[in-house]
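First to last, the sequence lines map onto chains E and B. If you count the first sequence from 1, position 163 lands on 163 in the numbering used here, and the numbers rise without skipping. If you count the second sequence from 1, position 215 lands on 215 in the numbering used here, and the numbers rise without skipping.
Derived by calculation from the structure, the hints in this document are not laboratory data. Glycine is no exception: its CB is placed at the ideal position from the N, C-alpha and C atoms. There may be inaccurate statements among the hints.
Said to hold, decoys possible - With the C-beta cut set under 10 Å, the calculated list includes, among others, these residues of chain E facing chain B:
(1) Asp170
(2) Ala171
(3) Ala194
(4) Phe278
(5) Leu279
(6) Leu294
(7) Ser297
(8) Trp305
(9) Leu309
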Amino acid sequence: MTEQEQQQRSAGYWRLVWRQYRRNRPALLGAALVLFFGALSLAAPFLANDTPLWLVKGGKTYPLPNVITYADLQAENLYNNFDRWRPGPGEYALWPPVPHGPLRQDLRARLAPPGPIHWFGTDDRGRDVLSRIIWGGRISMSVGFISVGIAVVVGVILGALAGYYGRWVDAAVLRLIEIWMCVPSFFLIITVMALLEPGIMNIMVVIGLTSWPGVARLVRGEFLKQKEMDYAAAARALGLGDGRVIFRHILPNAVSPVFVAATFGVAGAILTESGLSFLGFGVPPPTASWGEILKQSQSYVDFAWWLVLFPGIAIFLTVVAFNLVGDGLRDAMDPRLRQ
Amino acid sequence: MRAYITRRLLLMIPTFLGISLLTFVLIQLAPGSPVAAKLRGMDGSMKADAATAQIIEQTKALYGLDKPLHVQYARWLGRLVTLDFGASMKDQRPVTTKIAEALPVTLQLNLLTILLVYLISVPLGVYSATHGGTRTNTAITGALFLLYSLPGFWVAMLLILFLGGGEYLNWFPIYGLNSPGAAALSPGGWLLDRLWHLAMPLFCLTYGSFAFLSRYMRAGMLDTLRQDYVRTARAYGFSERVVVWKYAMRNSLIPVVTLLGGLLPALIGGSVIIETIFSLPGMGRLAFEAVLSRDYPLIMGNVAIASLLTLAGLILSDLLYTLVDPRIKLG
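Just chain E, with the same shape it has in the complex:
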């Protein structure tokens, strides 16, 4: 690395990456999609809910009853029953764009095809599919990000130690990676899921703990390269402790490939989660998740195309989006392609 490059890096490495990333139109589209799905998931309670956003009733105003529970509305047993409430004179309710809750069953409208009331149709309990897809995004996104977060933390620590210290530490971590490679991971995940209490936390932890070896290998490789460089030697010569050299000096220079791997990892984790839910080992019902809708659809696959199509497209678009971002990041961070 020349002096000039070093300077550029510290001055505005991320600005440089962004300048390169911006030129990549598919990657921009991917980023937009990621933001879109992220916003959709975050805003689910305001987008798809059977509780109004604003309620004027009996001369009183209730702001945001969908997030705040009001004692007098509760006493009237209005929560969960808002769809039966009819506004009297002077009363009104402002509804979210999709006025259906993800768990709200409407047994008179079971397996209804897409129409003006249920835009994406309903499932076999009369639950609104669009609402379930919007809420299911929360599951996919949180599993994606948190399990990758776990994998990155474990992978970075083990990879850094292996690359920096070498010798027996390296040998031990390499063995650990080999062990994890040998054990069939999806099988391990369903076994643990079946034996533990089903729950989203367990899914995140188990997916995270099976996907760290890739990160560890990347970080180890980077550390092997970086620790020989002059700046690392200088940091050591200044008498800095190992922890400081590893985390403050080398890690920032080794982190780019981890970002790329993590982005692809989110896509992979979302796929794994939907596969788990599809097999019935995902978040326990009635919580909405994309794989769970697909699992249901298997019983009605011959006519209920909306149960197959929409959740599938949701998974596909999210996974494509993260993969596009990962691809774009990889190209943008590759100094050989930089102009």
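Assemble chain B onto chain E, guided by the hints.
Using the frame of chain E, we list chain B on its own:
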């Protein structure tokens, strides 16, 4: 060379012990284990009826769950070494027999998958290395990228819906390895019948890997084409086809071949989802059924054998690389 082989084989020992420890942790989650009872809360998801009580007693006896941990581990290590995993709780048949029946199905399916993936990705990668920047190339790369992001089980569902004799076309069978009367067919007919049954699962297992592998192939080819000996070959006046497909090909295949090691776990463990959807009696479906029915001896036997076979495969592929490319540094 001999020193390298010995070293590699000796390194198997710590990995083997690691696998035994990891699977041993899994045993602690078994019904009847004190750890599992603690994790689940007092009664948790396990209802204390007579049937579960029996399962709990059986697993306790099988793994000696009432003994101290080191005794349990020694027993488990003994089982791993002798490949004795007891009998399946469901039909009382030995676990190893059941796995011996399932393994060939998965191997067959995944060997075909790997073959197809390589047969398609290698030419695609070479094409994209030699035709960089053309519109066809961009289109192919884009299409492969989209395929890579399609969830396999969703594609399987769509295939079954549209080609598997639902409301639409009835082109392919949707379950099993052969038609019911296939045993009476001639060998050729039997083979065709088998391939006909495997067509849709094979498609679902292959399409996702094209993008990844062809990308590697492209990178390898681009690297090789920059080398001096390729320039020499061109200077001799060989046609571009001979230069690319004969001279450059051999060296650029090496990085792609080394990827085989990464495909091994899937080769042996199978795909739980695809085998389950298409009812193929392989390792993946066996695993799924074992987990569904909490058939503990089968679960443990399956994880253990799949891991050990994968380990053996990894070592083998490591040794093979040194044969493929003598330049690989040994030691």
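(request) Give me the numbers of the hints this structure contradicts, sorted from smallest to largest. (result) 1
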